[in-house]
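Asks: One-letter residues, chain by chain:
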Amino acid sequence: MRILRASLIAVAGALFAVAGVSAHHSFSPFNMTGEKTLVGTVKEFQWTNPHTWIWLDVPNEKGGSDRWGVEGMSPNYLGRRGWTRTTFKPGDKATIVVHPAKDGSPGGIFVRATLANGRTLTFGANDPPEPVTQR
Amino acid sequence: MRARGVLAGMAMVAVAGLGWVEAQEAVTRAPTAADWAAMSKLPDFGGVWEAGGAPRGGGPGPGAGGPGGAPRAGGAGAAAPGARPGGPPAAAPGAGAPRAGGAGGARGGRGGGMQLTPEAEARRKELQSRPAEDTSAANCLPPGMPGIMGQPYPMEFLLTPGKVTIVIEAYQQVRHIYTDGRKLPEDPDPKFHGTSIGRWEGDTLVVDTIGFSPLTQIAANVPHDGNMRIVERFRLTDPDTMTIETTITDPGVLAAPLVSNRTLRRHRNWTTAEYICEENNRNSVDQSGKAGLNLNPPGSSPQK
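Residue numbers (this note's numbering), protein chains in the order written: chain B, 1 to 135; chain V, 1 to 304.
If we strip away everything but chain B, and leave its shape as in the complex, we get:
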């Protein structure tokens, strides 16, 4: 019973969280089944509605860097779940996993991130992932 309830909560949570991003737009520009890992330096964290954006400078093979835009949930949503406007600060080294833009543009939807201090971030702050949502 407890397991069933936990599963229901997790499934509801998954639906809810997806709705959290999609409350205002669809995911159609993004490859939601693909993941790309970005390793770079935070240029700016836009703590703005309707969505947050992490701008990350990622070294490219030409010796320069590309500036990636990573779209996350709103500050309203994230602020109630442990994030703050300084969760990412300019100069922070970060590894961010995204669902990348389908057209190859340097943008993606935030999946999870690891900061230089080892802290892992999801949309639910540092909650452990719930495997049941993989169904």
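Derived by calculation from the structure, the hints in this document are not laboratory data. Each statement offered as a hint is correct.
Distance windows between CB atoms, simulated:
1) G292(V) x T37(B): 19 to 29 Å
2) I276(V) x E61(B): 33 to 43 Å
3) S105(B) x D225(V): 35 to 45 Å
4) W200(V) x D103(B): 48 to 58 Å
5) D103(B) x L215(V): 22 to 32 Å
6) V39(B) x G299(V): 16 to 26 Å
7) V231(V) x D66(B): 47 to 57 Å
8) T120(B) x A256(V): 44 to 54 Å
9) T120(B) x T32(V): 53 to 63 Å
10) K36(B) x N294(V): 18 to 28 Å
11) D286(V) x V39(B): 30 to 40 Å
12) T33(B) x P257(V): 29 to 39 Å
13) D240(V) x N60(B): 49 to 59 Å
14) T37(B) x G299(V): 20 to 30 Å
Partner residues aside, some chain B positions facing chain V, computed with beta carbon under 10 Å:
15) H25
16) N49
17) P75
18) G79
19) R80
20) G107
All C-beta atoms in this analysis are idealised placements derived from N, C-alpha and C, irrespective of residue type, glycine included.
Assemble the complex: chain B is given as a structure, and chain V must be docked to it using the hints.
Replies: Using the frame of chain B, we list chain V on its own:
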């Protein structure tokens, strides 16, 4: 002298004009001390509520923008799966519009429950055959009713004599529900939230709403035909739990009333936060339904 006559005439026109306007609208009476005293008999709807699935026990108190502080694992269960928003793509087109059963509703939007007339079913198939990549919500157009009640953001209930006001964080929207005994207008202008009156049946607030903008829809690919009527029953089922039973009728579209239930949880440590969708909206949809994405970094000149 002549000028005075002209002024008087203008004043008369102005007064007549005001009188005409008032004749079209119900008059909001000044509340009496007894009206205010009666408020204490109403159930406690105050505070900030969000559809079930939000963190239990509350994360950090203030809404967005609170300074500093290390993130805590306050959001037990609810948000963690959201780290992987790779859910069914079908979830996305529902943005801004409820699915049958109501997004976030107790019945979970599993489909079913919505019976369409043959005409509406044909219309839905037609719309599905040329699916838009996104809805106008991507351009920050609020969904209106009933979709606005199913957003994954909080709402706040304000009870004052003769009125219930619902402040909805998503898209920073407001619903005005008059509980002063006035009748619904015969032929209201179409609005995103319609025109609402409410009455108390014991501890249940019953809200009756008509007159919706054609830009709102019953559910994804299910437009209303102008005759949609929404009756909502709000009541507390627990000190910090509210259920909303929503019944949508639209005889030209729905073959049977569409009933859905939604459960809200009160968060005493939350406040309603600002939500200016145009602040930094980088998503868009054009008239053909094609979605767009603006990846110009902040401070840069627009790319071609």
